[in-house]
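Please arrange chains B and C on chain A, whose structure you already have, making use of the hints.
Chains as they are written, first to last, in my numbering: chain A, 1 to 154; chain B, 1001 to 1773; chain C, 2001 to 2289.
In case anyone wonders, no lab produced these hints; they're calculated from the structure. Heads up, some of the hints might be wrong.
[Stated by the list, open to error] Here are the computed lysine-lysine pairs in the DSSO-like style, where the Cα-Cα straight-line distance is at most 30 Å: (1) B:LYS1261 x A:LYS32; (2) B:LYS1116 x C:LYS2161; (3) B:LYS1116 x A:LYS32; (4) B:LYS1656 x A:LYS121; (5) B:LYS1656 x A:LYS85.
[Unchecked claim] If you anchor each label on the Cβ, the simulated ranges turn out as follows: (6) C:ASP2268 x B:ILE1455: 41 to 49 Å; (7) B:LYS1086 x A:GLU13: 47 to 55 Å; (8) B:SER1581 x A:HIS16: 53 to 61 Å; (9) C:ASP2088 x B:GLY1435: 30 to 38 Å; (10) C:ASP2263 x A:THR123: 31 to 39 Å; (11) B:ASN1750 x C:GLY2024: 51 to 59 Å.
Note that CB positions come from ideal geometry on N, CA and C, so glycine has one too.
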Amino acid sequence: MSEVNITLTVNGEKRHVSVAPGLSVLNMLRDKLDLTGAKLVCGEGECGACTVIVDGTSVNSCLMYAVELDGREVTTVEGLQKSEKLDPVQQAFVDKGAIQCGYCTPGMVMQTTHLLKQTGKPTEEQIRRGLEGNVCRCTGYTKIFEAVNQAAEG
Amino acid sequence: MSEAIEKTTLIGKSITKPDAPDKSNGRTRYINDMVLPRMLVAKIKRSDRAHAKVLSIDTSKAAAVPGIQAIVTADDTPMVGVGVTKDNPPLKKDIVLSMRDELVAVAGETEEAVDKALALIEIEYEDLPAIFDPAEALEEGAHQLHDDKPGNLSLGYQTVHGDIKQAEKDSDHVLDEVYDVHYVTHVCMGPGCVIADFDTHGKLTMYTQTQYPYNYKMDLAPSLGMHPGDIRVIQPPVGGAFGSKLDVYPFEPIAVFLAKKTRRPVKLFFSREEEFSASPTRQPARFHIRAGVKNDGTLTFRDVDALLNNGSHTSWGATTPFVMMRTFTGHFRVPDVEFRSRAAYTNMPYAGSFRGYGNVQATYVTATVMDKLAEAVNMDPISFRLMNAQKAGEITPQNSKLEECLLGECIETAAEKTNFLEQYNAFKAEQDTPGRYKKGIGIATSFHNAGGAKIHKSDGCGTVIMLDDYARATVITGASEIGQGIDAVLTQIVAEELGIPTESITLVNNDSAIGPWDVGVHASRTTFIAGNSAKRAARKARDQILDAAAQRSNVAAEDLDLRGGSVVQDNNGVPVMKIDSLLRKMHFAGEDAELVITHDYYEPPSEPEGDNHVGDISAAYSHGAYVAEVTVDTWTGVVKVDKMTAVQDVGRVVNKLGIEGQMEGGIAFGIGYGLTEEMIIEDGEVKNPNFRDYKVMTAPEAPELEFHFIENDDPDGPFGAKGIAELPTIIPAPAIANAVYNAIGIRFNNPPLTPEKVARAIVEKQAAKMAAE
Amino acid sequence: MMIEYEEYLAATSVAEATQALANGNVTVVAGGTDLMVQTAASGRGMGTTLLNVRRIADLRGVTVDGGRVTIGALTTITDMLTDGVVADTAPVLAETADRFASNQIRNMATIGGNICNASPAGDMIIPLMMLDADVELSSWVEGAVATRTVALNEFFTGPGKSVKTANELLTSVSFNRPAEGFVGQFGKTGPRPALEISMVSVAVGGVASNGGLTNARVVYGAVAPTPIRASNTEAALEGTSLDDASIQSVLDVADSEVNPISDVRASDWYLRHLVRVMTQEVLESVANV
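Chain A with its partners taken away, still in its complex shape (with noise of 0.2 Å):
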């Protein structure tokens, strides 16, 4: 089986990695580059703990191809916090009581940057129907929709 040489940028910095065809771009992170923060949850695309950031839109990780990231930029939740500050959805998922096992933290947070993106003050219908990828087992959601609002707000 032969590998594949790609170039991309991970959180704002140039790596060359090679990767089997058949490689996931959640495994190339876990597996090659030890960013762990994306989760193996389901690998079927049905709970969004993979998610991350590709040339500015969310997707599950765990579908995507890593060879399709060859020229491409991928942020991860470890690429959001850019000082000894917490990026300001990180604190708001922190200030709100929205992390309890935290498992599904980084796909929400990275799901929630993207949906900010989007629109910078969303409603609760949005907020809901942005999220409504991510699964949570712990919080019931409703500390999740409280951390988004207090980010929208920053």
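Chains B and C in isolation, oriented as in the chain A frame:
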């Protein structure tokens, strides 16, 4: 002179969960993320038959796959069972009893290699007649599934109080009904995972998702042929547990067998499909209940017969009647009550413990029956419940001492806040008017342990507190953090006692070699028991500090307090000295040197059950009354929960964000149980082992929530607090079912109320109505 | 389990892609949302050359030329939600896109992929069939790109199967801009609003006239091995003034035309029931427009 420091309290405030920042930016390494040096990965080959002889297992092709380091079958193991009754050998030999039975395990350098190898394992089966129905399993002449379990009987329970026959004679109405409650599963976001690692002494470290790290050693060791003292348990952060990790399940000893054989760390993990199909489930049950009432509304008796599907092997699910019976005998005043249960082995998946533990099932029945009995005597759901609610000081037939009993207040508050009766009557009047959407309102109540459950030799928890020279505290507790927020609660309690900021506290609770014993996180015990243990250890530290301060000042210890990092005069808050400099003085005092290191082991004042299951099993109880407001789409059968109002007796709120989060999350489980979650199992096979077809609540479905916490200060709880997080999984489902009845006049004895089930019932009701006309 | 591809190609033109397809043994990936799941389920039967067509220029976007609307195969479902030409010519496609899976999936999934996956429940297929859409299939023949057009109504042959051959690439789907007065509605149901593979979906369209529809189109998804045009239902609907009684008659015809089978998600009884209530909902909505 420093300014006076006011007395403030952290109890009832919101503090951020200490591990939240690391979880928000991907820094947290969960067990699923962990890699150890030279680690191998492993997976299990499971049976694809529900019941069969295993004629042969050929692993030769699998072993030849490059990168494969070890393959084990039952022949390579001591064949000692794990599980609550030790009937579950980690790897199965000769016979498989379910489609999750573990036959072969493979360890290799990469997941790819292991997957290739698994696909090359050849197994020959000879099918045997399979039994899926527990009633069938108990029939005369049914095939014996376990040689040492005659009649396929697993555990049975019984409790008898009073005279049912007489009570029935005294009743004016007797309800006689059957309820079937279904299989659901935990759906932890983090799939099952364990890492087994031997050191060169032969001592084992388990990196595990277990919720009961100390007794876990005792339960695991025999299957490995090891001494429990040679096992160290490390608990990395996990992606949820909800009760799924309170027993030893085969995959963990299997990882150890592989680690032993390869002399390398082995990480064994589940696929999502396996997580759905091979994890322990919630215990399903069939209840036959007879319940009586007098015309004046007084409850007379309950007689309950429960039949449990034990599945192929026994885990905690078979013991859920222990909790079920408490609700049947003790929720509302029922003088005469009997409960009997039997669990029967079948070739189905087995059940474990799951948040709510038997009370979810029992409350679905009792809360629906209460509504029906109310109707039978023409009373509204509120008055009927109030009439039969116990008062403070009453003791249930099983000896649950309801010292406080806020059931009545919960019901009154719930009814008032939701304008219950007005809505109920209005919706009832609209049932038969034309219109696609029908609204309904329903109430359900329950009570649950809120201070542990004395089912083991000890229900205790230990804490060690160490203060360093900078007044930073390390709090070492036996209590496990599984996402439920005990880290925040214990931090607040210790900070409150020691008068230091929460940021000065580090919690350590993930290594059995370091932490003192705790029986486990279950039974809503941790805030109460671990909280009391931490509070008492902190108080000892506080006393030691105040004594030392008194010695070094002109103020008596009882006139001093700890606030804001300082020792202050209690009456006016004027600082006397800083805690950190006092600690250094104490430390560097030559021969009189002292460090502040304290410990406490807290055993709650509860009693184990004696004969007839009588005993005040928990140090505290809690009641709740929840009101569900729903809209039923009579065309598609979809039931939408518009609002859930939860009134609960919580003792005292410790962490506001934490208690709300646990309530909100628990309610999501309850709504799932009532409406959308269902394991579809055909011929022993789980047919919906994925998120697409097993439906947990998603963001658009989250209802509006309103909470009313009644804070009466539990006399024994830390700062009055007690356990809260199981009731929100227990109460919503029957509240929703009762609301659906209010909307469309149809009862459902079998959750979940899926759209198809509701639509069918509506069509059948319309057809019956038209036939009658 | 990851399939072992032996070769990887990223085509940048239709010519390049169709030449690769002509060589055989190819698995095409566009958005990848269905492919990754399918290869995990069974790695067999997939070609060992992974052909990435996502970089082919000009295959993404919606254009209108004269009366003809053309949607490039690489147009994503999110594109459909927000595109101005779609909003102007066939807003029912945007409404359908809004009900599709989740935001993350919509951002990746392509219209070409949705059609080629040929699921009987394929969301975007249903309203496109209602619009009498055609697909363009391209292949490499005698040194050049050749195309043929197939009506979407004739494209599907079974669950996951279509008339597209292994050496063809779906490059666009197009339809005539609907006539003045055209109304089209899409209805989909499953017990949860999100991430839902349709239990039943329905699209009804036609030119509003006299409280009913002419040139009526009725398309169902997930009630047969392929998405279907319910021609008897269309005939019953055609020109009928819609009221409670006439709607019920149309529903009876629809019921006779669909053949849903029980599966893990729902019984055939319930699927039939949904056909009735979803069609009723859409018809009542159309009648009120």
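Structure-based check of each hint:
For the hint pairing LYS1261 (chain B) with LYS32 (chain A), the CA-to-CA distance comes to about 28 Å; that is within 30 Å, so the pair holds. For the proposed pair LYS1116 (chain B) and LYS2161 (chain C), the alpha carbon gap of about 29 Å is at most 30 Å, so the pair holds. The straight-line distance between the Cα atoms of LYS1116 (chain B) and LYS32 (chain A) is roughly 21 Å, inside the 30 Å bound, and the hint therefore holds. Simply put, LYS1656 (chain B) and LYS121 (chain A) have alpha-carbon atoms about 27 Å apart, close enough for the 30 Å limit, and the pair holds.
Between LYS1656 (chain B) and LYS85 (chain A) the alpha-carbon distance is near 24 Å, which keeps this suggested pair within the 30 Å criterion. Between ASP2268 (chain C) and ILE1455 (chain B) the beta carbons are some 47 Å apart, a value that agrees with the proposed interval 41 to 49 Å. Taking the beta carbon of each, LYS1086 (chain B) and GLU13 (chain A) are about 53 Å apart, inside 47 to 55 Å as hinted. Against the hinted window of 53 to 61 Å, the Cβ-Cβ separation of SER1581 (chain B) and HIS16 (chain A) comes to about 55 Å, which satisfies the hint.
ASP2088 (chain C) and GLY1435 (chain B) have their C-beta atoms about 36 Å apart, which keeps the hinted 30 to 38 Å range intact. About 36 Å separates the C-beta atoms of ASP2263 (chain C) and THR123 (chain A), a value consistent with the hinted range of 31 to 39 Å. A C-beta distance of roughly 53 Å is found between ASN1750 (chain B) and GLY2024 (chain C), which places it inside the suggested range of 51 to 59 Å.
Violated hints for the displayed structure: none, as all numbered hints are satisfied.
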